[in-house]
Structures are given as structure tokens and as C-alpha cells.
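A.B. asks: Go ahead and model the full structure; you've got the sequences and the hints to work with.
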Amino acid sequence: MAELTNSRCAIVGVGVTQQGRGIGIGNRELRRQALDLALDDAGLRRPDIDGYIACHGTPGFEDLRYLGLAPHFSWGLASGGATAISALIAARGVLALEQASYVALCYGLAPSSLQLPAGIGGYGYGYPELFGMVGPSTSHALHAQRHMHLYGTTSEQLGAVAVTQRAYAVERPGTLGCGKPFTLDDHQRSRMICDPLRLLDCCRDTDGGVCLIVTTAERARDLRGQPVRMLGTGTGHSIRNWYDKSVYAHHDDIAPAKERAFAEAGIGIDAVDVAALYDPFTISVIMQLEDYGFCAPGEGGPFVAAGETGPNGRIPTNTGGGQLSGYYATGFTALVEALLQLRGQGGATQVPGAEVGLVSGHGGNGGVQNTWAHATALLGAGL
Amino acid sequence: MSAPIRHPLDLAPDDLDRPFWEACQRHEFLLQRSSVTGRYHWPAVCDPESGRDGMEWVPASGRGTVHTFSIIHQVFRPELVDRVPYNVVVVELEEGPFFHSNVVDCPNEEIHIGMPVEVVFDDVSDEVTLPLFRPVGSGG
Chain X
43 MAELTNSRCA IVGVGVTQQG RGIGIGNREL RRQALDLALD DAGLRRPDID
93 GYIACHGTPG FEDLRYLGLA PHFSWGLASG GATAISALIA ARGVLALEQA
143 SYVALCYGLA PSSLQLPAGI GGYGYGYPEL FGMVGPSTSH ALHAQRHMHL
193 YGTTSEQLGA VAVTQRAYAV ERPGTLGCGK PFTLDDHQRS RMICDPLRLL
243 DCCRDTDGGV CLIVTTAERA RDLRGQPVRM LGTGTGHSIR NWYDKSVYAH
293 HDDIAPAKER AFAEAGIGID AVDVAALYDP FTISVIMQLE DYGFCAPGEG
343 GPFVAAGETG PNGRIPTNTG GGQLSGYYAT GFTALVEALL QLRGQGGATQ
393 VPGAEVGLVS GHGGNGGVQN TWAHATALLG AGL
Chain U
20 MSAPIRHPLD LAPDDLDRPF WEACQRHEFL LQRSSVTGRY HWPAVCDPES
70 GRDGMEWVPA SGRGTVHTFS IIHQVFRPEL VDRVPYNVVV VELEEGPFFH
120 SNVVDCPNEE IHIGMPVEVV FDDVSDEVTL PLFRPVGSGG
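Top to bottom, those sequences are chains X and U.
Under my numbering, the letters of the first sequence match residues 43 to 425, in that order.
Under my numbering, the letters of the second sequence match residues 20 to 159, in that order.
These are calculated hints, taken from the structure and not from any lab test.
Keep in mind that the hints are not guaranteed to be accurate.
Quick list of the computed label-pair ranges, beta carbon to beta carbon [to be verified]:
#: 1; chain 1: X; residue 1: Asp228; chain 2: U; residue 2: Cys65; range: 46 to 52 Å
#: 2; chain 1: X; residue 1: Ala348; chain 2: U; residue 2: Arg102; range: 38 to 44 Å
#: 3; chain 1: U; residue 1: Val55; chain 2: X; residue 2: Gly389; range: 57 to 63 Å
#: 4; chain 1: X; residue 1: Gly389; chain 2: U; residue 2: Val155; range: 53 to 59 Å
Stretch-level coverage of chain X by chain U, calculated; a stretch enters the list once three of its residues show a Cβ under 8 Å from a Cβ in chain U [claimed, not checked]:
#: 5; region: 167 to 174
#: 6; region: 285 to 297
#: 7; region: 327 to 337
For every residue, glycine included, the Cβ atom is placed at its ideal position computed from N, Cα and C.
C.D. replies: Spelled out as C-alpha cells, the structure:
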């Protein structure tokens with residue numbers, strides 16, 4: 043098989059709209075604003091976009107006309123919080139096969155305008171709903187309870203995740219937590235949602251749009267923007283963990299995603315300068331730190347409590363506040379944060395000299411609770 | 020406000036699990052078993068090794084242990100307002116599969132991982148019977 047010379051790709055345009063609760067802008071207008079910001083960032087125009095991937099859970103039938111785009115294809119990609127990285131992987135394939143030159147990954151959702159009776163928190167997932175099991179917080183509480191049982195992880199250690207990320211968000215303009223610090227006591231006093239998860243263990247859905255433009259490394263050289271290159275990507279699905287009954291012992295099926303991404307990048311975990319881990323709930327960060335190998339299995343709680351994910355820790359993690367304290371853009375939150383860090387645009391929480399970022403995403407149910415896709419992206423500063 | 024009674028199959032993509040829910044109405048607990056690999060499954064599946072061949076619904080013990088659980092305090096839907104706080108458990112059945120349910124006849128504070136439980140059927144309507152679990156030895 044001939045070498046796919048264009049498989050080296052870069053993200054050359056980043057567009058992030060206002061993010062927040064009930065900001066009063068509709069779905070497609072969020073996508074439009076994100077697209078225009080990304081085009082401007084990359085120095086591209088609408089006619090340059092010849093591939094479109096709708097990343098908001100629907101085929102995006104009505105997107106193109108409103109956005110004024112005329113691509114060769116428009117695909118909907120729906121894998122929950124794994125959608126963003128999955129779309130990056132799809133874009134790489136498209137570019138490598140020379141099906142397009144500039145692919146726009148567009149996300150824009152206003153959950154506050156969805157008119158769900160109970161919001162995302164009230165989603166049902168099939169039979170478990172018969173027993174009152176609804177919403178993602180319940181499924182993550184099952185992980186947290188099991189992790190506590192296996193390793194002695196404590197509520198205070200979960201709280202350390204929330205407090206660490208809030209401290210990042212306090213200094214990041216435009217986030218939910220900006221200028222609003224909280225303490226471990228605040229976490230411990232916050233009301234119980236799904237034992238052992240308290241209110242401050244959970245993220246909130248927010249409105250917002252994100253657009254990323256991806257092209258080949260070769261084309262990226264000619265653009266004015268600040269490119270971030272894709273070093274390696276990988277996927278795994280925890281339906282595998284359902285079959286071997288380790289589904290509650292692992293947050294996700296990270297092993298194959300990690301192996302593939304790091305092998306392709308040709309680096310080890312020690313090369314990662316900054317991590318942006320999908321964090322709908324505090325337990326998610328602890329269990330991913332373990333499965334990626336930043337610490338040993340069961341050590342995630344003490345690792346975070348010791349400050350190792352903070353600004354001076356071994357692996358600064360979710361440096362914009364993450365979903366917990368930043369904003370919830372269904373998988374794009376983490377990706378955007380890594381891009382900002384690798385461009386040196388992290389502001390007060392910039393990790394000095396960050397050159398390699400690890401991004402994760404998960405979501406898209408596999409038919410039973412707690413089974414979902416996981417996707418890994420390793421990104422590198424510059425070309 | 021009490022929870023509306025929903026038929027389990029209303030939550031499923033099709034009626035592949037109908038034999039299970041009909042057996043519940045007879046107070047029988049079934050699982051799917053592959054006669055090729057001997058492996059048990061729930062709900063209806065293809066065995067990852069042997070596929071659909073030899074897959075059959077068979078009577079199961081209805082016994083297991085609590086693998087993990089949560090006590091739910093948040094009212095995620097209006098119809099659940101009278102239930103909080105309530106438990107959701109994942110039972111690891113003796114035959115292997117996980118089964119989501121509720122533990123009854125036991126205070127929430129006493130539920131713990133590893134607790135032995137057995138099925139008890141709750142006839143919530145003429146059409147719907149739900150398999151719940153109680154601590155082994157608690158029933159009469």
C-alpha cells in the first residue's frame with residue numbers, strides 16, 4: 043500500500059464562541075459564529091472549506107445553507123463526548139485520501155434551548171431507567187462507588203479534582219468559575235446528587251459553539267494561523283469492558299486508544315506536558331490519570347490531592363477549568379484547551395513551554411449503561 | 020406524584036427481550052445462554068465468540084451480589100420526586116451478567132458492595148412485573 047503522505051495533519055483554525063448558561067443564542071448561529079472565528083483565525087474563506095463534519099449529534103441537514111458553505115461532503119458524527127476527537131480522526135482520513143483540502147469540524151449547541159424536561163441530567167438509557175437510573179451522573183456514581191471500594195478513594199480526593207480545576211477557571215476569562223473560587227469545605231458541604239457524587243463533583247451543560255479547521259501539514263505552512271499538529275490518535279470502546287466485566291473498574295477502554303496514539307506519535311507518557319481529560323465528573327479525571335499511566339491504578343485520588351494536576355504538579359490537567367468549572371462543549375472543551383496551551387494562549391494558567399498535549403473524550407452509549415467510546419489525541423505545538 | 024408505569028419494551032429498540040419480561044410476569048428469572056460457549060448474557064445479544072448460534076433463554080438462579088451502587092438524591096425527573104432518596108444497584112448475577120435494579124427490604128445505608136442478593140418480583144401492574152433484589156435471607 044502506498045504511503046499516505048498527507049496523513050500528517052494540523053489544526054489551523056480555532057473558533058470558540060461565548061460559552062455559558064442560557065446565553066440566548068441558537069444552535070446554528072452558535073455554529074456560524076464559531077465558523078467565522080475559525081476562518082478568521084486560519085486566514086481562510088468560506089469557499090476554501092470543502093469538507094464539513096457536524097459534531098453536535100445530528101446529521102446537520104440544515105447547517106450548510108445557513109453557514110453558507112459548499113463542501114464536497116457533509117457528515118454527521120455522533121459519539122457524545124468522543125465526537126470531537128473522532129471527527130479529527132475522520133478529517134485525517136479524508137485529508138490523507140485527498141477527498142478534501144480544508145475540513146471544518148463544527149459544534150454548536152444551546153442545551154438551554156433544547157426544552158428537555160429535565161435537561162441532559164434526565165437522559166434515559168434503556169432498561170435501567172425502569173429502576174430510576176437516569177442521567178450521566180448516576181452512571182458515573184457507579185464508577186466512583188466501585189473505585190472507592192477497590193482503592194479507598196475518598197470524597198475529599200474527588201473534591202481535590204473539583205478544587206484544582208476551579209482554581210484554574212478562576213483565572214480564565216469566560217468560564218463558569220471565573221473569579222469564583224471554592225474550597226474543599228465548600229465541596230464537602232455541597233449537597234449529595236448521586237452518592238458518592240456531590241453537586242461540586244458534577245459539571246453543568248452550557249451553551250456554546252466551537253469550530254476547528256483541519257488541513258494537511260503541507261498546506262498549514264502557507265497559512266497565517268498558529269498550527270497545532272496531530273501526533274497520534276486512537277480509539278477504544280468499553281463495550282469490551284462490559285464483556286470481560288471490568289466496565290466499572292475502568293472508566294473507559296483506554297488501553298487500545300492509548301497504545302495506538304502513543305505508538306503513532308513515537309513518544310511515551312513522560313513527553314506529555316499538559317493533559318486535557320474529558321471530565322463530566324470528578325471521578326473521570328482520577329480514573330483516566332490512572333489508565334493513561336500518569337499514576338498507578340488506585341493512586342489517582344492521592345495524586346490529585348497532592349497537587350500533581352495543579353500548575354506546579356507533574357501533569358497540569360484541565361488547565362482552563364475543564365468541563366467541571368469551565369464550560370461544557372461536549373468533547374471540544376478539552377480539545378480547545380490543549381490547542382490554547384500548545385499555542386501559548388493559556389493566559390494566567392499557561393503551562394510554560396508546553397509542546398505536547400494529551401486530549402481525551404468519551405461518550406456515545408454502547409447499549410448498556412457505562413459503555414461508551416473513548417478517543418485519544420496527542421497534539422504537538424507548531425509543525 | 021407517582022412514577023408512570025412504563026412497559027419495559029417501550030424502552031427497547033424492538034421486542035427481542037419479550038421472553039424475559041413475559042417470564043417476569045410468571046415470576047421466573049431468565050438469562051440468555053450460549054449453548055456453544057456456555058456463557059450467560061443479559062439482555063438479548065449475540066455471544067462475542069459464537070454469535071447467535073445456540074443462544075437460548077434459560078431459567079437462572081436470580082441470585083448474585085451487589086457489584087456497585089448509588090443512592091440517588093437528585094430529582095432528575097418530576098415523576099421521581101416521591102422516590103428520593105432511592106438506590107440503584109448493579110447486581111453481578113451468579114451466572115455472570117450484570118443487572119441494573121433496586122434493592123428492597125433493606126435500608127439504603129446498609130447496602131454495600133459484595134452484599135448477597137436474590138430476585139423478588141414486583142407486580143407493578145397487570146402488564147408489568149419488575150425484577151428487584153433483596154438481601155439473601157431477608158424474605159419470607
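A.B. asks: Determine for every hint whether it applies to the structure shown.
C.D. replies: Now the hints, each set against the structure:
no. : hint                            : result
1   : Asp228/X - Cys65/U: 46 to 52 Å  : holds (49 Å)
2   : Ala348/X - Arg102/U: 38 to 44 Å : holds (39 Å)
3   : Val55/U - Gly389/X: 57 to 63 Å  : holds (59 Å)
4   : Gly389/X - Val155/U: 53 to 59 Å : holds (57 Å)
5   : 167 to 174                      : holds (count 7)
6   : 285 to 297                      : holds (count 4)
7   : 327 to 337                      : violated (count 0)
Hint compliance for this structure: hint 7 is the single one not met.
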